[in-house]
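Which chain is which? The protein sequence lines are A and B, in order.
Quick note on numbering: our numbering labels position 105 of the first sequence as 105, and the sequence is numbered without any gaps.
Quick note on numbering: our numbering labels position 75 of the second sequence as 75, and the sequence is numbered without any gaps.
Just so you know, these hints were derived from the structure itself, not from any lab.
Computed from a predicted structure; not experimentally measured.
Treat each hint with caution, since some may be false.
Stated by the list, open to error - What follows is a set of in silico ranges between Cβ atoms, one per label pair, in the way DEER data are often shown:
(1) A/Glu54 <-> B/Asn61: 34 to 40 angstroms
(2) A/Gly56 <-> B/Pro112: 22 to 28 angstroms
(3) B/Leu109 <-> A/Phe69: 27 to 33 angstroms
(4) A/Ile12 <-> B/Phe14: 36 to 42 angstroms
(5) A/Ile12 <-> B/Gly97: 32 to 38 angstroms
(6) B/Pro12 <-> A/Ser101: 40 to 46 angstroms
(7) A/Leu39 <-> B/Pro12: 29 to 35 angstroms
(8) A/Arg63 <-> B/Ser96: 23 to 29 angstroms
(9) B/Ser80 <-> A/Glu54: 28 to 34 angstroms
(10) B/Ser59 <-> A/Gly40: 23 to 29 angstroms
Cβ coordinates follow ideal geometry from the N, Cα and C atoms, glycine included.
So you can see what is in the structure, the chains are spelled out below.
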Amino acid sequence: ETGVTQSPTHLIKTRGQQVTLRCSSQSGHNTVSWYQQALGQGPQFIFQYYREEENGRGNFPPRFSGLQFPNYSSELNVNALELDDSALYLCASSYGFKGTSGKWTDTQYFGPGTRLTVL
Amino acid sequence: AQSVTQLDSQVPVFEEAPVELRCNYSSSVSVYLFWYVQYPNQGLQLLLKYLSGSTLVESINGFEAEFNKSQTSFHLRKPSVHISDTAEYFCAVKNSGYALNFGKGTSLLVTP
């Protein structure tokens with residue numbers, strides 16, 4: 001069973017450019033979540049995809065967008081890069097479902113991350 | 001709304017000493033609770049989780065955490081730390097939503 005993988009490992013872009021980050025989810029998982037971790041901070045939730053649709057979104061502007069593919073892998077796209085977008089971007093995969101209480105239940109397993117530097 | 005407070009940004013400790021990393025959360029509804037560990041230049045690894053049932057949960061490498069609903073806490077403990085436990089530790093909370101809400105992290109530094 002393979003774990004969560006992300007590509008590329010590192011990336012350097014200039015302000016105003018666009019970037020695409022990729023994530024392959026763990027075998028058997030149906031949900032992918034993306035987080036941004038600035039230096040010295042805890043990860044911040046960007047959004048989550050379940051069955052190819054956005055399941056929930058954090059406080060990030062629309063220039064952050066994503067996709068989930070039929071094999072449950074995912075992409076994070078960021079347009080019009082800003083200096084503050086420099087961070088570690090983490091992908092997490094999970095098997096998500098609504099329990100009998102109606103509450104969304106999943107345990108998220110993280111990939112190694114992509115370090116994005118915007119100059 | 002919910003938030004997570006990790007009360008200590010850094011915890012220095014000697015090898016083989018016990019350690020406690022504190023985590024408090026605020027939430028008006030029932031929650032799921034997690035501890036993740038991050039080694040330098042790596043992603044997050046799940047250490048342990050509380051979803052329901054027994055309030056004391058354990059990891060395979062000797063860590064344990066206890067969910068205390070009245071004190072809204074989920075402190076992480078280990079009776080005897082190793083040099084290899086040096087890392088950043090993150091507490092995270094999730095209620096009925098989809099997002100993990102993380103604390104700012106606690107840096108555990110174990111020295112000989």
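Okay, the hints, checked on the actual structure:
Between A/Glu54 and B/Asn61 the Cβ separation comes to about 35 angstroms, which falls inside the hinted range of 34 to 40 angstroms. At roughly 45 angstroms, the beta-carbon separation of A/Gly56 and B/Pro112 lies outside the given 22 to 28 angstroms, and the hint is violated. In this structure the supplied range 27 to 33 angstroms is violated for B/Leu109 paired with A/Phe69, their Cβ-Cβ distance being about 41 angstroms. Remark: the range hint 36 to 42 angstroms for A/Ile12 to B/Phe14 is upheld by a beta-carbon distance near 40 angstroms.
Hint check: A/Ile12 to B/Gly97, Cβ distance near 34 angstroms, so the stated range 32 to 38 angstroms holds. Checking the proposed 40 to 46 angstroms range against B/Pro12 and A/Ser101 shows it holds: the Cβ atoms sit about 42 angstroms from each other. For the pair A/Leu39 and B/Pro12, the beta carbons lie near 21 angstroms from each other, so the given range of 29 to 35 angstroms is not met. Taking 23 to 29 angstroms as the suggested C-beta distance range, the pair A/Arg63 and B/Ser96 conforms, at roughly 28 angstroms.
Checked against the hint of 28 to 34 angstroms, the pair B/Ser80 and A/Glu54 fails, with Cβ atoms roughly 45 angstroms apart. Checked against the hint of 23 to 29 angstroms, the pair B/Ser59 and A/Gly40 passes, with Cβ atoms roughly 25 angstroms apart.
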